[in-house]
Amino acid sequence: MKRVFSYAALLLGALACAAPFALLILTSLMTYQQTIAYPPEWLPRPLTLENYYQAFTTSPLLRYFGNSVLVAAATVSGQLAAGAMAGFAFARLRFGGRSVLFFLILATMMVPVQVNLVPLFALVARFGWVDSYWALIVPDLAGAFGVFLFRQWFLNLPQELEDAARIDGCNPWQFFWRIALPTALPAIATLGIFQFLASWNTFMWPLIVTNSDAIRTLPVGLAAFRASMHETTNWPLLMAATSVAIVPAIFVFLALQRFFLRGLMEGAVKG
Amino acid sequence: MAAGKAAFAVPVSTPGPKRHPLAGEARWAWLLLLPALLIIGLFSLLPTLGSFAISFTSWDLLGPPRWIGLANYTALLADPLFYKVVLNTLEFVALYVIIDIVCALGLALALNQQLRGIGLFRTAYFLPVVTSMVAVSIVWEWIYDPRYGALNVILGWCHLPAIHWLSDPHWALPSLVIVSVWKSLGYNVVLFLAGLQAIPTEYHEAAAVDGATGWLRFFRITLPLLGPTLLLVGILSTIRAFQTFDAVYMLTHGGPRRATTVVVYWLFQNAFTYFKLGKASALAYLLFTVLLFLTWLQWTLRKRWIHQEQVS
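Chains as they are written, first to last, in this note's numbering: chain A, 1 to 271; chain B, 1 to 312.
Read the hints as simulated data drawn from the structure, not as lab findings.
Quick caveat: nothing in here was measured; it's all calculated off a predicted structure.
From the three backbone atoms N, C-alpha and C, an ideal C-beta is built for every residue, glycine too.
Among the hints, a few may not be true.
[Said to hold, decoys possible] According to the in silico footprint, chain A covers these stretches of chain B (three or more CB under 8 Å from chain A):
1. 36-43
2. 132-140
3. 217-231
4. 277-289
[What the hints assert, rightly or not] Ranges of calculated distance between the beta carbons of each label pair, as one might list FRET restraints:
5. B:PHE218 - A:VAL113: 35 to 43 Å
6. A:ARG126 - B:LEU81: 26 to 34 Å
7. A:VAL113 - B:GLY211: 46 to 54 Å
8. A:ILE36 - B:LEU301: 47 to 55 Å
9. B:TRP296 - A:GLY169: 21 to 29 Å
10. A:TYR38 - B:TYR203: 55 to 63 Å
11. B:LEU49 - A:LEU254: 38 to 46 Å
12. B:ARG257 - A:THR183: 53 to 61 Å
13. B:PRO64 - A:LEU185: 46 to 54 Å
Work out the full structure, taking the sequences as your base and the hints as a guide.
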C-alpha cells in the first residue's frame, strides 16, 4: 500500500518535471497554424522539421551555438588548469601566507555574482572588452570552487606517493604533473561538468557585456530572438531554437551524471 | 550530507616541520598559484572591494565617480519603491523556499523506499536543474499563454476560469515561484535523499517493533535526524531565491505594475538601464549583507551539528 502511494507520488513528480520538456519538443514539431488552433491540439499534425530548418537559417542560432561552445571550452580548460595547479599548491606545497591566501579565495565563494557586477563591468569596459569574447571568457578562467575542489582532492593523496616522489628527486612540477594529476580524474570530471553547465547556462553577465549577434551566446541569443517577436510569437519556431539550446547540456549531464551529483554534495556549501 | 561532511572533516595534513622541502618548493608554489590568483584577484576580489567604494559615489559610468558619502543608502531608505522591492523579494523567497522544501522532501521520502527505478526518477527530476533558466522561461511563457497555453487549457477542462498568469499583478509573482520551484526541485530532492540515506535503518526498525506508526516515526525520528540537512537545504534555497533574476527578466520584466520587481532585477535596472551605478552598488551591498549573514548562519550551525554528532 505504502509502495503504491510512493510510486504514485514519484510518477506524478516525474510527470510534472517531464511534461514541459514534452510540450517543448511537441510544439517544435508543429506548424504555426496548428499552435493557434482552437481548441488547442497536443500532437503535431502534420509532423514537421521545418521549424528547425527555419531556426537555423533565419536566425543566428548556429552562431550563438558556436559562441557557446567556444566560451564553454575556453572556460572549462582554464578552470581545470588554474584550479588543479592552485589546488595542488595549497594542498601539497609549503610557502608563506598559504592560509591567508586560501582564506581569501574561499571568501570569494561567499560573494554573490550580483555584488561584483558593476565594478566588473567597469573593469572590462576599461580593458575595451565590451562585446568581445574576452569579456565572456577571461573573468571566468579560474574560480574559487575549482581551487577548493582540487585542494580537497590533493589533500587526500597518500603520503607514500609524496615520499616516493621525493626519493626519486622530483621537483614540485614533476610531482604534480606525473604523479598527482593522473589520480585526479574524478575531480577533473566533476569540475569540468560544473563549469560546462555554468558557462552554457549563464545569462546575466553575457546579457550585460554583449550587444551583437556575432558574440552572443545561446541564452542571450535566445532572449534576443524571443524579444524580436513581440507582436505575434511564432511559438513552434521559438521552441525549435530552445530545444537546440538545451540538448547539449542534457547530453553532458546524462553522460557525466555521477560526477555531477558528487560535486553537488561537495559544492553544496558554495550554493 | 555524508559526502559534504566528509569533505570538511578531512584534517589538513600539514607536512611536519622536519621534512625536507622539495627542490624550490615555495617558488614552484607561487608559479602554480599565479594564474588562479591573477584571475580571482582581478575579477572577484577587486570588484567586491570596488563595489563597496562605488556605493558611496554618484556615478553614471561616463564621467568620473563623485563621492557622496552615505547618500545612496539614505536615498534607498527614503524610496517607497525600495520597500516594495524588499516586500516582493521576501514574498518570493518565502513562497519559493516553503513550496520547494515541502515538495522536495515529499519526493525524497518516496524515493527513499528502496524501490526500483530510483536512478531513473532522480534523473528525470534533475533535467530541469541542468537546463538554462532562459530556455525554461521560454517554455513556461508558452505554458502560461492566456489563450493557447497548457495550464489554462487544463483549467478549462476543470471548468475553471482562465488565469492571466503573467499579466495579473496577483498571479505574476506566484507564477515566477512555480517556474523557479520546478527548475530547482531536483537539486533539493538529491540533497534530501542523501540526508535520508544517512539515517540508520535500525532506528526505524526499533520504532516499528515498538508499534510506532508511519507518521509518528516521520515526526519523531526522520524529521529530527534530518535537521542538519533541512537547515542546509533551507538556507541554500533562501540564498538562491534572493538572487533570482533570469526568470523575472524573461517573463515579466519586473511588472505588471512592479509586482515582480525583486532586488536583483531592480539592481540590474539601476545599473544598466538607469545608469545609477552608485545606487546599484549600495543595493548590492545591502543584499550582500543579508546573504553573508545567511551563509555565516549555515556554517556555524553546521559546525555545531557536526560537532554534536561526533560527540554523541
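Hint-by-hint comparison with the structure:
no. : hint                            : result
1   : 36-43                           : holds (count 7)
2   : 132-140                         : holds (count 8)
3   : 217-231                         : violated (count 0)
4   : 277-289                         : holds (count 7)
5   : B:PHE218 - A:VAL113: 35 to 43 Å : 38 Å, holds
6   : A:ARG126 - B:LEU81: 26 to 34 Å  : 31 Å, holds
7   : A:VAL113 - B:GLY211: 46 to 54 Å : 52 Å, holds
8   : A:ILE36 - B:LEU301: 47 to 55 Å  : 53 Å, holds
9   : B:TRP296 - A:GLY169: 21 to 29 Å : 46 Å, violated
10  : A:TYR38 - B:TYR203: 55 to 63 Å  : 56 Å, holds
11  : B:LEU49 - A:LEU254: 38 to 46 Å  : 41 Å, holds
12  : B:ARG257 - A:THR183: 53 to 61 Å : 58 Å, holds
13  : B:PRO64 - A:LEU185: 46 to 54 Å  : 50 Å, holds
Hints 3, 9, counting from the list given before, are not met by this structure.
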